[in-house]
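2 protein chains.
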Amino acid sequence: MATGMTELAAWVASIEDLQRAGAVLQWDQSTLMPPLGAAQRAEQLATLEQIAHERLTSARTGELLEAAESELDGTAPDSIAARKVAKTRRNYEKRRRVPAELAVARAKAASQGYEAWVAARAADDFSMFAPALERNYALTREYIACFDGHYDDPYDVVLDDFAPSMKTADAARLLTEMRDQLVPLISELRGREVDVAPLHVDYPVPGQRRVVAEVLRWMGFDERSWRLDDTIHPFEASFSVTDVRLTTRFAQEYFPMALYGSMHECGHGLYESGIAPELERTPLGSIDSSAMHESQSRLWENLVGRSRAFSHVLTPLLVNHSGGALDGLTSEAQFRAVNRVQPSPIRVEADETTYGLHIVLRFELEQALLAGELDVADLPGVWNERMRSYLGVEVAADSEGVLQDVHWSEGLVGYFPTYAIGNLIAGQLWGAVHADILDLDDQLAAGELAGLREWLREKVHRHGSRYSDNELLEQVVGAPIEVAPFISYLKAKLSDVYGLELA
Amino acid sequence: MATGMTELAAWVASIEDLQRAGAVLQWDQSTLMPPLGAAQRAEQLATLEQIAHERLTSARTGELLEAAESELDGTAPDSIAARKVAKTRRNYEKRRRVPAELAVARAKAASQGYEAWVAARAADDFSMFAPALERNYALTREYIACFDGHYDDPYDVVLDDFAPSMKTADAARLLTEMRDQLVPLISELRGREVDVAPLHVDYPVPGQRRVVAEVLRWMGFDERSWRLDDTIHPFEASFSVTDVRLTTRFAQEYFPMALYGSMHECGHGLYESGIAPELERTPLGSIDSSAMHESQSRLWENLVGRSRAFSHVLTPLLVNHSGGALDGLTSEAQFRAVNRVQPSPIRVEADETTYGLHIVLRFELEQALLAGELDVADLPGVWNERMRSYLGVEVAADSEGVLQDVHWSEGLVGYFPTYAIGNLIAGQLWGAVHADILDLDDQLAAGELAGLREWLREKVHRHGSRYSDNELLEQVVGAPIEVAPFISYLKAKLSDVYGLELA
Chain A
1 MATGMTELAA
11 WVASIEDLQR
21 AGAVLQWDQS
31 TLMPPLGAAQ
41 RAEQLATLEQ
51 IAHERLTSAR
61 TGELLEAAES
71 ELDGTAPDSI
81 AARKVAKTRR
91 NYEKRRRVPA
101 ELAVARAKAA
111 SQGYEAWVAA
121 RAADDFSMFA
131 PALERNYALT
141 REYIACFDGH
151 YDDPYDVVLD
161 DFAPSMKTAD
171 AARLLTEMRD
181 QLVPLISELR
191 GREVDVAPLH
201 VDYPVPGQRR
211 VVAEVLRWMG
221 FDERSWRLDD
231 TIHPFEASFS
241 VTDVRLTTRF
251 AQEYFPMALY
261 GSMHECGHGL
271 YESGIAPELE
281 RTPLGSIDSS
291 AMHESQSRLW
301 ENLVGRSRAF
311 SHVLTPLLVN
321 HSGGALDGLT
331 SEAQFRAVNR
341 VQPSPIRVEA
351 DETTYGLHIV
361 LRFELEQALL
371 AGELDVADLP
381 GVWNERMRSY
391 LGVEVAADSE
401 GVLQDVHWSE
411 GLVGYFPTYA
421 IGNLIAGQLW
431 GAVHADILDL
441 DDQLAAGELA
451 GLREWLREKV
461 HRHGSRYSDN
471 ELLEQVVGAP
481 IEVAPFISYL
491 KAKLSDVYGL
501 ELA
Chain B
504 MATGMTELAA
514 WVASIEDLQR
524 AGAVLQWDQS
534 TLMPPLGAAQ
544 RAEQLATLEQ
554 IAHERLTSAR
564 TGELLEAAES
574 ELDGTAPDSI
584 AARKVAKTRR
594 NYEKRRRVPA
604 ELAVARAKAA
614 SQGYEAWVAA
624 RAADDFSMFA
634 PALERNYALT
644 REYIACFDGH
654 YDDPYDVVLD
664 DFAPSMKTAD
674 AARLLTEMRD
684 QLVPLISELR
694 GREVDVAPLH
704 VDYPVPGQRR
714 VVAEVLRWMG
724 FDERSWRLDD
734 TIHPFEASFS
744 VTDVRLTTRF
754 AQEYFPMALY
764 GSMHECGHGL
774 YESGIAPELE
784 RTPLGSIDSS
794 AMHESQSRLW
804 ENLVGRSRAF
814 SHVLTPLLVN
824 HSGGALDGLT
834 SEAQFRAVNR
844 VQPSPIRVEA
854 DETTYGLHIV
864 LRFELEQALL
874 AGELDVADLP
884 GVWNERMRSY
894 LGVEVAADSE
904 GVLQDVHWSE
914 GLVGYFPTYA
924 IGNLIAGQLW
934 GAVHADILDL
944 DDQLAAGELA
954 GLREWLREKV
964 HRHGSRYSDN
974 ELLEQVVGAP
984 IEVAPFISYL
994 KAKLSDVYGL
1004 ELA
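Residue numbers (the working numbering), protein chains in the order written: chain A, 1 to 503; chain B, 504 to 1006.
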């Protein structure tokens, strides 16, 4: 007999399918699609988005929700069943505020903005991108207006899309505390030299591909359910727990880009592949929190990939496939090189320490653009000025400045802060896993990454979106999101790298 | 002001988008998807199919159709506007007869059947595939039952899906006439030798890839709007007129498979890319007639690719990239080798002449399976027996027999006859284009394929599905589908190859 609950599940599953289908089309567009396919692809994506939107916001969803909610009576509110319904209710209430035409317009603008960004970045010409960015911000303002003042800060609305339930004030407090810790740390390390020459050797791309393949295999990449493809701006997408797509970008003159980029995306992929299969095609089966997602990618990229322990197994692998370019490189030298603190213009190439300030900058500019306090035309100038004042960095070209990131081209406003918050969460989890697995460093040094992966699967991944970030952290580390553990981790590592006692 | 016509257009465009999105997912599944992604992919495809079906068969479609039809009053019935509406009416009436659950079940069975077929073929084990085939035929019978006797022959229903408006009796008449011409021709050539050793050299796959890339470039392949990828069973898909995907399969020991397979799929691709852009996202913008589609693919594969004229430019290319394996090969020898008449077990490797009998065999077996006169369990035996009696060929393994084709795995019953009918149409078009372009053979000999391509675009491609096959042929060659031109073409070429006077 069909109950409200089972009917709701089938109805919501169809919406999840539409979203996954859209993800396939987007993945294809970013990796393989011939460029002239873009116009019709935008139509196709817009249609999928429109139908998903119509279904989610339909009267039928409302009726099924009421029926399911009445059947829940007495069920524990944090049970899977109750959380599925609650998550659908949340999505329904949020999306109902947004007219279908606006949702369609945002999807179309995202697709077209991406194409404009690719061209503008290649031509190093911000003016080619400015109209698309204007349009995205105008649509974002329209989107926020749909929430009719139901927020403390207009930015809350977009932040909530990527860090559910987080307030702008909380994010600002965390980012400010982080910034106030990072600035003196960076200052203390300024002028201290670390040899990074080994990172800038001529490393043949085929060799890099072999290194990446091996490291991903250690992490859990399995050809039966994963793929790795090339793209311009790397990302991860998953179409089911057993269909995970990683993308990466290779530069012959700077191998860390592909290596650490791939570990980063694989961290995302492990999260998606670790979701309990029974949550597939339910609203708990896709991860809402970009912050928690980023905690996974950055944990693998930085806390594992740049650790002293992992350097023992990574360095010989790097040397082996370098075609002689890295002959004689020691683990010690590798470990020190990849942890140098050095302000630089590109976020994705930034070290762990300065990275946070790249995010603070974007967080501030997003708020200013949104509030209309900053014009798009003035953005490159303000960007470059702030890079100078925060990081002491000169931006030589917009393609290495304001055009470096894909996010705004696709209308993703409110996303950037989740990178920094992800770092904070990673710091918290790193403490907890070391308390649980006493020989974790020995495992990492041997390239045995399964222990860590399974711990994360058990504590984090399998739950999908069942818990909020703070709920989950309370369970795993006994506290909500905090800055201190990340800073402690960082200071301990940098003390080791620089031979100092950073307090 | 929105009229019935414009509202219908927007509504139908969304259905086209869903179908194109489904095509992207299917293409991905057949080329790139990790194997464990299959289960969830089937769900996603089923959902897209279900929603497209629901939309097409909805009361809204009926209302918009009536409004649009009333606005058509006085419009010429073969105008684009009238044909768009008429085609939607046809699709609506056809699909309304089929319950959504059945459409979903067929889509799901197709996706699962494909996976079963891949595994069964790899293992050379028909029993691994039999349950999926049973299921597909059972669902096909259910599908036919929806048409409630509105046909002369139950097979009419499935044939109409691939050759709109064609009757089984007409197809049988054409195929019988063709068979009766081919059998004595094959008989007359039996025992006559042609040296095919040059086709069976060890030809490195990288060299084959370069040959294929060059030939496709001559045909019109453009990286801005085309892709070529590897797959198990080659096919062509297009997601817009400027996003065309070809797939192919390489065998180091038999280069004609990739070469002619690629020309075949590129012929399909040229058809799709030649559709007038104003027909995109309308029901006239996708080709309904597999017969006309096959006429294009087979025209390029055989009438161009295996012509004496084209051998003059193809042979040096083949020699150049063969790594020495084809040193000394002459155009004459190449032309003769690729036109040898030699019964063999594999349809896609069959020569043009025996090919038709492979189709007659499948056409008969499909009808017998459908009528319940043949059990799936008995299929391999009957297949092998009929290969012996029609072509004198022994089938060594089911993977080279009943498991060789993908079609039945995806529930495509009624498709095969369109291959043979496509050959017939190609023969008719070949006569007409030679009458219009007097130096066509000189152009082909120089690798100049644009004249032919543009002729086909003008006469055939740009119309999309505006005309029925017979209407279009009446315009272009002044007659409906006929057998004689194809047979004349074949006899002329084989007379040349074998140094005979075949009458």
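Hints are not guaranteed to be accurate.
[Unchecked claim] A partial selection of chain B residues facing chain A, derived with a Cβ cut-off under 7 Å: (1) Ser-517; (2) Ala-524; (3) Ala-526; (4) Thr-534; (5) Pro-538; (6) Arg-682; (7) Val-686; (8) Arg-960.
[As the list claims (entries may be wrong)] Here are the computed distance ranges between Cβ atoms for each label pair: (9) Glu-7(A) to Thr-506(B): 42 to 48 Å; (10) Pro-634(B) to Arg-217(A): 34 to 40 Å; (11) Glu-253(A) to Asp-945(B): 49 to 55 Å; (12) Asp-125(A) to Thr-578(B): 20 to 26 Å.
Please keep in mind that the hints were generated in silico from the structure rather than gathered at the bench. Yeah, the Cβ is synthetic: ideal placement off N, Cα and C, and Gly gets one too.
Cross-check of the supplied hints:
With a least beta-carbon distance of about 5 Å to chain A, the hint placing Ser-517(B) at the interface is held under the 7 Å criterion. Hint on Ala-524(B) holds. Least Cβ distance to chain A is approximately 5 Å, under the 7 Å limit. For Ala-526(B), the shortest C-beta to C-beta distance to chain A is roughly 10 Å, which exceeds 7 Å, and the interface hint is violated. Among the interface hints, the one on Thr-534(B) is violated; its C-beta lies about 9 Å from the nearest C-beta in chain A, farther than the 7 Å criterion.
At its closest, the beta carbon of Pro-538(B) sits 5 Å from a beta carbon of chain A; the interface hint therefore holds under the 7 Å criterion. Here the hint on Arg-682(B) is broken, as its CB sits about 41 Å from the closest CB of chain A, past 7 Å. Given the 7 Å rule on beta carbons, the hint for Val-686(B) is violated: about 45 Å separates it from the nearest Cβ of chain A. Annotation: interface hint on Arg-960(B) violated; nearest CB of chain A at approximately 17 Å, more than 7 Å.
Hint check: Glu-7(A) to Thr-506(B), Cβ distance near 37 Å, so the stated range 42 to 48 Å is violated. Between Pro-634(B) and Arg-217(A) the beta carbons are some 35 Å apart, a value that agrees with the proposed interval 34 to 40 Å. One distance hint, 49 to 55 Å for the beta-carbon pair Glu-253(A) and Asp-945(B), holds here, with the actual separation near 50 Å. Under the hint 20 to 26 Å, the C-beta atoms of Asp-125(A) and Thr-578(B), about 47 Å apart, miss the expected range.
In terms of the numbered hints stated before, the structure departs from hints 3, 4, 6, 7, 8, 9, 12, listed from lowest to highest.
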